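Participant: One letter stands for each residue in the lines below.
Protein chains: 2
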Amino acid sequence: MTLPARVQIVEVGPRDGLQNEMAVTPVAVRTQLIELLARAGLNRIEVGSFVSEKAVPQMAGTAEVLASIRVPKGVNLSALVPNMQGFAAATAAGVGDIALFAAASESFSRKNLGCGVDESFNRFARVAAAAKDAGLAMRGYVSCALGCPYEGKVDHTRVVETAQRLLALGCYEISLADTIGVGTPVAARELIQRVAQVISVERIAVHFHDTYGQALANIFACLEHGVSVVDSSVAGLGGCPFAPGAAGNVATEDVVYMLNGCDVETGVDLGKLLDATRFICASLDRPPESKVARARLAGESLPSQRCATNSE
Amino acid sequence: MTLPARVQIVEVGPRDGLQNEMAVTPVAVRTQLIELLARAGLNRIEVGSFVSEKAVPQMAGTAEVLASIRVPKGVNLSALVPNMQGFAAATAAGVGDIALFAAASESFSRKNLGCGVDESFNRFARVAAAAKDAGLAMRGYVSCALGCPYEGKVDHTRVVETAQRLLALGCYEISLADTIGVGTPVAARELIQRVAQVISVERIAVHFHDTYGQALANIFACLEHGVSVVDSSVAGLGGCPFAPGAAGNVATEDVVYMLNGCDVETGVDLGKLLDATRFICASLDRPPESKVARARLAGESLPSQRCATNSE
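Chain order of the listed sequences is A and B. Just so we're aligned, residue 20 is where the first sequence starts under this note's numbering, counting upward by one. Just so we're aligned, residue 20 is where the second sequence starts under this note's numbering, counting upward by one.
None of these hints come from the bench; they were simulated from the model. Misleading hints may appear alongside valid ones.
Identical chains blur together in the list; that is why a pair holds if it fits in one copy or across any two.
[Stated by the list, open to error] Taking lysine to aspartate or glutamate and the DMTMM-like style, the derived pairs with C-alpha atoms no more than 25 Å apart in a straight line are:
| # | residue 1 | residue 2 |
| --- | --- | --- |
| 1 | K92 | D137 |
| 2 | K172 | D282 |
| 3 | K172 | E284 |
| 4 | K92 | E209 |
| 5 | K172 | D288 |
| 6 | K92 | E284 |
| 7 | K151 | E180 |
| 8 | K151 | D288 |
Every value quoted in this text rests on a predicted model; they were computed, and no experiment measured them.
This is chain A alone, in the form it adopts within the complex:
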């Protein structure tokens, strides 16, 4: 089976990664990380969220991050926006795109967004209308696309329905998120085949967490079925609140290594990407989850390597 000739990587480390760190990462560190990621050739970067600072202190200062970032033209910087309050802050901060985060699971929506799916879409509808007026593009997430920590298996029809509602609001792309990392390649492939019946596959992105080590296999299975947009996180930053101590998002380094090996173009320079890995791992004083980073940086005296050596 042929893979797409080119894959777009959406770097979500500064948002989905750092929001899961225990400690709040300083604005200056987040800014420098994003600049290093852009320098590596990543041109779609999710920089943060305009959510309640009480609920998610790790994302406080997203406006300051956007204000201080210096990245080349053509690098798209997006942020999560849950409601009109967030939208006002996001537009004031001059964000590029905004992202809407919906759930395919009613229970997850209530516990994670604090409201049911329908109410979340009422909020999104107001945001979408305002975004249209402001000329802001919107990306949509469908969380729990392959499983819910409360409801277990999530029916494909719920995922399709949620994706269609996001499209109807004007989202240009739908990212199907395996929030708890329980997906395996056949399940991922079947979901893509189902969703692609109603949404052009060019508009489907995949967002995998590596909680059970399945992310790269899942991504490969999805690429075999025409998906060409992949979310990932530098150093594999990010956690799974439902499996403390478990791995986080799939690591951008490992995705790039796989795609390079498969002759799929990404525009990302792996060597420069590892500069971002070195920087953020040193700043957080923790090892990369990325196995490519651990192998390539072996021997360098980084927290990663001190710990990678322990953990060998």
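Given chain A, put chain B in place with the hints provided.
Facilitator: Same frame as chain A, now just chain B:
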């Protein structure tokens, strides 16, 4: 694409895993590990090597391991045998199968086996003749099947040629080993397609190291092309001497999780397998490389979890 209904897992942790540990693992620990693996349903286990104790002290005592093991009938216990000296020791120890370890790279053969490929096959020929007389089955390895630390890319024809020589000696199965873990799914798939032109795919096994995090994706790509025998290592034990600090063999737990999710039968009980993970990680005082183990054992105060927390 349909996957095989059933996959045989060949557990190589006690050999390929423990031989890469800095410290020598005591015979009693190796014995108990193998018994726990068998209890989990693994019925093909590589227990050690009959090699020079000076060269590989980690594998000293393989005869004692075999002598003290108590596993149910039907569990196949194999060991690596490089030459007639090893063969004599292996038969004296009453091993089940023996494994021959050949290289598709001349340089790797010289540095790793201490002789060129042709000379290694001269030795194997003597072992094969003796094994035939003794009624012992033989498995063959082709190392460096997707890359060599000295020669880089390895031509498919070298791999095919080496596999055919092992078959000609009477091996019932050929394990294609990505010794340095550089393979990616398309390369793995292309190798399988090439080798399957001359060897029935039922007789091809795959042996991946997760040095760059590619192993599960590679395995999935190979299963899509008819491979139904997979080598793996409990807790992801094993290293890559050419990338110190890097990950080891693909973890059996992660392979089983993927296959369970894909409705592929393995006969392995993941819960019981995690008993073996707990035991060996506590014995070695190190964390599992297996992400399934890290997620499932999260919260348990194991070295794995103490360190997994660090390494989060």
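Participant: Evaluate K92 and E284 at a C-alpha cut-off of 25 Å and name the case that applies: within, between, both or neither.
Facilitator: Close inside one copy (20 Å), not across copies (51 Å); limit 25 Å.
Participant: How do K172 and E284 come out at 25 Å by Cα distance, when the copy is not named: within, between, both, or neither?
Facilitator: So K172 and E284 pass the 25 Å test across copies only (20 Å; inside, 34 Å).
Participant: Classify it for me, K172 with D288: is the Cα-Cα distance of at most 25 Å met within a copy, between copies, both or neither?
Facilitator: Cα proximity of K172 and D288: across copies only (21 Å, versus 38 Å in one copy).
Participant: At most 25 Å between alpha carbons: which applies to K151 and E180, within, between, both or neither?
Facilitator: So K151 and E180 pass the 25 Å test inside one copy only (22 Å; across, 62 Å).
Participant: Within, between, both or neither: how does the pair K92, D137 come out at a Cα-Cα threshold of 25 Å?
Facilitator: Neither. Shortest intra-copy (37 Å) and inter-copy (58 Å) distances fail the 25 Å Cα cut-off.
Participant: With identical chains, the pair K92 and E209 could be close in the same copy or across copies; at 25 Å between alpha carbons, which is it: within, between, both, or neither?
Facilitator: neither (37 Å within a copy, 39 Å between copies)
Participant: Within a copy, between copies, both or neither: where do K172 and D282 come within 25 Å Cα-Cα?
Facilitator: Close across copies (15 Å), not inside one copy (34 Å); limit 25 Å.
Participant: Go through the copies and call it for K151 and D288: within, between, both or neither, with a Cα cutoff of 25 Å.
Facilitator: neither (34 Å within a copy, 53 Å between copies)
Of the hints listed earlier, those the structure fails to meet are numbers 1, 4 and 8, in rising order.
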